[in-house]
Structures are given as C-alpha cells and as structure tokens.
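Trainee: Turn these sequences into a full structure, and let the hints guide you.
Residue 11 is where the sequence shown starts when you use our numbering, and the numbers rise one by one after that.
Source of the hints: derived by calculation from the structure; they are not laboratory data.
Among these hints, one or two may not hold up.
Beta-carbon label-pair distances, calculated as ranges [as the list claims (entries may be wrong)]:
no. : residue 1 : residue 2 : range
1   : 239       : 128       : 20 to 30 Å
2   : 91        : 193       : 52 to 62 Å
3   : 233       : 456       : 46 to 56 Å
Computed cross-link-like contacts, DSS-like style, restricted to lysine-lysine with a CA-CA straight-line distance of at most 30 Å [said to hold, decoys possible]:
no. : residue 1 : residue 2
4   : 102       : 121
5   : 38        : 485
6   : 121       : 38
7   : 497       : 333
8   : 254       : 646
9   : 570       : 502
10  : 485       : 333
11  : 570       : 381
None of the values given here were measured: they were computed from a predicted structure.
Glycine included, each C-beta is placed from N, C-alpha and C at the ideal position.
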Amino acid sequence: MLVFLSFTSQSSRAQGRLEDYQRSETLKNRLKDKVYNAPALVNWSASSQWAWYSVQTVRGKEFMAVNPTNKTRQAAFDHAQLAQKLSEATNKKTTPYALPFGTFTYSKDDKEIEFSAEGFVWNYGLTSNTLRKKEPVRSEERRYWGAGANDQNDKPVFSPDSTRTAYIKNYNVYVRFEKTKKETQLSFDGSEGDYYSGYVQWSPDSKKLISFKVRPNQKHLIYFVRSSPEDQLQPKLESREYLKPGDALPVRRPQLFLVDEQKQLPVDDALFNHQYGLSRSEWRKDSRAFTFEYNQRGHQVYRVLEINAATGTVRAVIEEQSKTFIDYSGKRYRYDATDGKEIIWASERDGWNHLYLYDGLTGKVKKQITKGEWVVRNVVNVDEEKRSITFAASGMNPQQDPYFVQYYRINFDGTGLTALTSENANHTAYFSPDKKYFVDTYSRVDMPQLTTLLSATDGSVLMELEKADISEWQKAGWKAPEVFTAKGRDGKTDIWGIIVRPTNFDPTKKYPVIENIYAGPHSSFTPKSFMTYNRSMFELAELGFIVVQLDGMGTSNRSKAFHDVCWQNLKDAGFPDRMLWMQEAAKKYPSLDLSRVGIYGTSAGGQSSTGGLLFYPDFYKVGVSSCGCHDNRMDKIWWNEQWMGYPIGPHYADCSNVTHAEKLQGKLLLILGEVDDNVDPASTMQLVNALIKANKDFDFLMVPNMAHSTGGEYGERKRRDFFVRHLLGIEPPAWTMPITVNEGTK
11 MLVFLSFTSQ SSRAQGRLED YQRSETLKNR LKDKVYNAPA LVNWSASSQW
61 AWYSVQTVRG KEFMAVNPTN KTRQAAFDHA QLAQKLSEAT NKKTTPYALP
111 FGTFTYSKDD KEIEFSAEGF VWNYGLTSNT LRKKEPVRSE ERRYWGAGAN
161 DQNDKPVFSP DSTRTAYIKN YNVYVRFEKT KKETQLSFDG SEGDYYSGYV
211 QWSPDSKKLI SFKVRPNQKH LIYFVRSSPE DQLQPKLESR EYLKPGDALP
261 VRRPQLFLVD EQKQLPVDDA LFNHQYGLSR SEWRKDSRAF TFEYNQRGHQ
311 VYRVLEINAA TGTVRAVIEE QSKTFIDYSG KRYRYDATDG KEIIWASERD
361 GWNHLYLYDG LTGKVKKQIT KGEWVVRNVV NVDEEKRSIT FAASGMNPQQ
411 DPYFVQYYRI NFDGTGLTAL TSENANHTAY FSPDKKYFVD TYSRVDMPQL
461 TTLLSATDGS VLMELEKADI SEWQKAGWKA PEVFTAKGRD GKTDIWGIIV
511 RPTNFDPTKK YPVIENIYAG PHSSFTPKSF MTYNRSMFEL AELGFIVVQL
561 DGMGTSNRSK AFHDVCWQNL KDAGFPDRML WMQEAAKKYP SLDLSRVGIY
611 GTSAGGQSST GGLLFYPDFY KVGVSSCGCH DNRMDKIWWN EQWMGYPIGP
661 HYADCSNVTH AEKLQGKLLL ILGEVDDNVD PASTMQLVNA LIKANKDFDF
711 LMVPNMAHST GGEYGERKRR DFFVRHLLGI EPPAWTMPIT VNEGTK
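Mentor: Next up, the structure:
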C-alpha cells in the first residue's frame, strides 16, 4: 500500500488540487442551463392542432407552438403580455422569459391555455390577452409506492344501464335495484379474512358482475427514526408498508355473478393458484367473457386468462414460460383487437423481444409480426382499421449503436415495415393524438439535439424546429464523451460504453479510472442522448480522472441471452464484461491507469459498487456506494424476485455483500439516507455491522432526513474527496463548495 501511495503521488501531482476543484465547480456552473434550443419534452393539444414545448434560449425560457397543418412555428403566447398580467394579478414582478410555470394545457378549442403559478390555477386567452384566476392549486397527496391497495370499500358502482347498483356490505356483494330500492345479496361467504373486493365490475350488458375475493396477507413494516424533523425538536418514529422477497402475498380469486338469476358461478383457480399477482379484469364488449392476466410467483409463467361469462369456465388464451424469468415489468405488451378476437402480444420466446398476432378465440399464434436480432422497445399505436402498428425498436440497423431507439410502422401480418426515423442517433418521438404527425428529438452523447416535425405516414420531414446550440459548453472547454466498444466475456458480443475526460486532458499523463455503475436488469443505463442534464461525470473527471460508464451483460434492451446473465446472480453485474472493456480501452489509450480503478453507484449501483471491491479486489481499489441494496433479501419484493426468483434459496445469500463482507480489501465509503423508503436502510446497516465484525476499515456517512439518494451535494463532495484521497493519493484541499444540504431525494 505504501508503494501504491508513493506511485500515485508522483504520477498525479497536477491533479486533485484546489484549482482542479474550482475548475470543476466553474464547469458545473458554466454548463448548467447553457444548452440552448433543445426541448426536453414536447406536448400536443388534444385537438392535434398544436405541438408545444418550452426551450432554454439566450433570453431565458421560451414557449413555442407548432401548427403541423400550416407548418408554422411561433411563440405559444405573448410572453411579455402574460408576464405583465401575472405581475399585476399577483403583485409580484414576473419577467417574460422566466415565467413561474413549466407546463400548460390548451383548452378544447385551443383559444386558451391553463397553467398553475403562485399557488393558483390560471386561464389565459391567447387572442384576447386576458388572464383569469381560477381556484387554488390542489395539493395532491403522493401515495407511497409500497402501500398496498385498499380494495375494501363500499362505494356503489352503477350498472351501464343505470338500473342497478352493486356494492360491498359486510364483506359480501350486494345489488340494489334503483327503481324498487330492493336489495339483493349475491354472495354469502365473505368475511374479514376472506372478503369481496370493492372493485366491482359490471358487464357491458348490465347482466353480470365480477369481483375478486381477497385473502389478505400479513403486512411487512419497516421503521425509521427521523432524527432531525423540520417541525419539532424531538425525533420521530415512522413506518412504511414494505414487502420483501419471500413475504406472503394477498390471494385474489375472480368471482362471477349472474345478476338476474341471483347466481354465483364457481370459477376453478387451477390456472392461477400460485399467484404473484393478477391484473384487473376486463370485460369483452359483447359481455361473452372477461379476461385477466396471471403472473405466477417466481415470474417464470405468465398467462392471459379468459373466463366464459355463461359457464365460468377458465381457459388460457396466451401462456408464456421461461426457464429464467419473464420480464413482465419491462417488456409486457398486450393489445386486444376486434373485441379480443385478435391479440397483439410481446414475447421474448425466440430470444429477442418481438410482437406476435394471436387468434383470441383459439389461442393460436397467427403470425410473428416482427422478427430479427433486434428489440421492440415499446408500441406507440395500434390502428385496427388499417391493421398497422407504430412502434419503437433498437438494434435493427447493424451500423448503429444497438441501443439507439428508432421508430417504425408495420402491418399486422408482418409486411410493410417502414422506418419513420433513421438518423444515426437516439430518437424520442412525440406523436399527435390523431397519430398523423410526430415531433422527433434526436441526439448522441457527441452530437447535440435536433428537433424536427415529421409525417407519421412515411417519416418525411415537414419542418426543422430546433437545432441545439452548445457554444457556451464549447467556450467552457467541454469535451464530448467518446463512445467505445469492446467484446464481452463470450468474445463476440459488443459491449458499449462511454469515456469522459477532463477539459485539460493530457494524453501523455496517467489518469485513474472511475466507473459509474448501475447494472439494474430492468433497463440499460449508459447515456445515449446528449448529456444536457447528466453532467456529474464531467465534473468528477475535472479533478483528474477518466470516468467511464457502460452496460455489461445482465442488463436489458439486448437479446434474452444477454439479459439472462443476471438470473439469480445479481452479484455478476456484468463485471467480467466491464473489466474486459476497460482493459481494451487501456490498450488503445495508455492514459487509462488500470492500477487505480474506482467505482461508484446508487441503489442497485450501490450494491454493485461495493460488490466490485468484494468480488474483484485485484481490479477495483476504491468504491463509493450510496443507498445500496446490499442484500437482495432486504430490498423490495417486486424488483428482487423479478431477477433473483422465488423461493428464496441459497443464491440470495451468495449474491449478498453482507455475507461476503470479510473479503473487503480496498477503500470503501458507504452513504445512506436516514429515511430511505426505497431501499430499506437496514440493508446498508447490516453491511456496516458485518464489516465491523470482520474488523474491516471503511468509511460511513449517514445523512439525516435524506431519502433514497446519491447523498445530495454533500454526499457528492464526500465522494469526490474520497476518490482524490485514495486514487490520487493526496489530501483533498480544504475549501467549501456551495451546497444545499438534504436536497437529494428519490
């Protein structure tokens, strides 16, 4: 270790100094809000007459509106007039290009816009220039993501013909005839521990009812002590509902009632009796049947089920099976055409995520609609009349980055594939409600954004709307990231990533390498678009590092085999691919010093950044982990059972950082939010406990009042100092960067 420190001190004397910190802070300020003419989001009016967006310009924030029919682009409203009206109405000075709202909606006739500002909802006439204050802005209580659904309600549900009302009473289903007010009890076996759900659904013909009979599970609570509440001196004890892998789940069984006959038909649960969850049921328009989706515990069987409304007979219309996992949370897509007589369904059964056309009456595949070694990313629109599908995909063009999203149209029978976008960049399309037009924003990490209006029929460009201006970034000396590819562990699959260098990069010098890791299997994470709002890697590099990010095997948006590497093996995190990638980069660029490699990440990235030090200590020397899910048994049920499976076997412990804590060799900083209700803080605390028991040296930062976060600006400061201290081998300068404490949250 002494030799290591001596070497790093000599090789990096011009790095990690006060002037480097100051330059990093200056770069941060010079880059922020200095990419002009690059809309972050495009919206459409309900009429499809206007597409609108806000855009940062040299003057400030401007709102633009585009009429696709007339091919015109103009200010969405008179900014000066609106600013003056707001100033007069609120007695608060408002300037035209710093209006106190970021979004608005058009009225039905497109003659007014509505927005929220200064605590109120306002209407502004676009031609009359009149401003009208409406009601106060209603504060919406945000529902905690882990809270269980409350399906015990007695809210009445009217039948479509309005002659009857269904409701729950004493845990059972009742119907009241509105004309006579006569009440009829339809079920008799409901109880507190096995009740009928209040989400009652009438058939379209008003003759049948469905409800779910629910056997609730035991709630799992996690607890927090909020040490420093804003509203009182003493700490607060808080709790959240939080199911973890292996916990019992509620059991829901669909129930069918024939109302006129006052009869309950038995429904056999053989096809859905080991459920992780059931989707809400949907009636066929002709009332012949209803469908729901069954996700089997363990996520290896997934079915679309249909129940005959006359007999209660259950049949599987579609069934998916996998030896690993079915990515229900990321790739599920279903569209029922012609009242369910045909179904468009997404599946990875041939090794790639593609669309299939099912015969909804027989359950047979009529046609594989899309096919090839590329991935359907999402479906934008299904046009039943034209029997066509508009969708997004990546990897179709072998000459482009396989993660770049492009847009296409194809017929139900797999013919007529038409590319709607093609430029060698990552595309995001915003389609008009009538699906005649779309606004396309596209860019790369090394190419600023272009925004165009296109025809959704053939992809022809109708108007060029915006071209991003990065001249201020260029004046600041910003260097574009380099896209780099290398072969993965199989020797044939390309692994894609980026290399970020400091503005004063000297190719004759050696730089420690820091990897920004997030290997969550639910997606891919290396930036593909211009990094307008993702600048922290530039700031970190400025201290004297080369910062990299890449997607190894086990992440999504490639082949099923690529994705399956994560199965019951989250500790893999693509590390064999990551190390090979960096080794290839160092062969090409000797400035990358692989004797000094650091790694950092948050949440699943927090798990992986610690895992790098535990499982690959010869490669990764320094790590910073924020809010890590260090043991998958301690984290949320849906995410961890999706990839680690069910039941909870020895593989969970094998992937845990806690059970391998004694392997720590490098330098580790753990950062934790005190009230993190995304990843149970006990996950980090149990790792701390294991490290202490193993007598390991490490650093730990708990941030009061902070939820799931990288650590906020203070955590960022500690992270940068940690890398300077242990990768550059020098003590960070004593200076105070401007920070806002506790601003980082989920």
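Trainee: Each hint should be assessed against the structure and marked as holding or not.
Mentor: Hints and how they fare:
no. : hint                   : result
1   : 239 to 128: 20 to 30 Å : 28 Å, holds
2   : 91 to 193: 52 to 62 Å  : 59 Å, holds
3   : 233 to 456: 46 to 56 Å : 47 Å, holds
4   : 102 to 121             : 26 Å, holds
5   : 38 to 485              : 13 Å, holds
6   : 121 to 38              : 41 Å, violated
7   : 497 to 333             : 26 Å, holds
8   : 254 to 646             : 5 Å, holds
9   : 570 to 502             : 16 Å, holds
10  : 485 to 333             : 54 Å, violated
11  : 570 to 381             : 14 Å, holds
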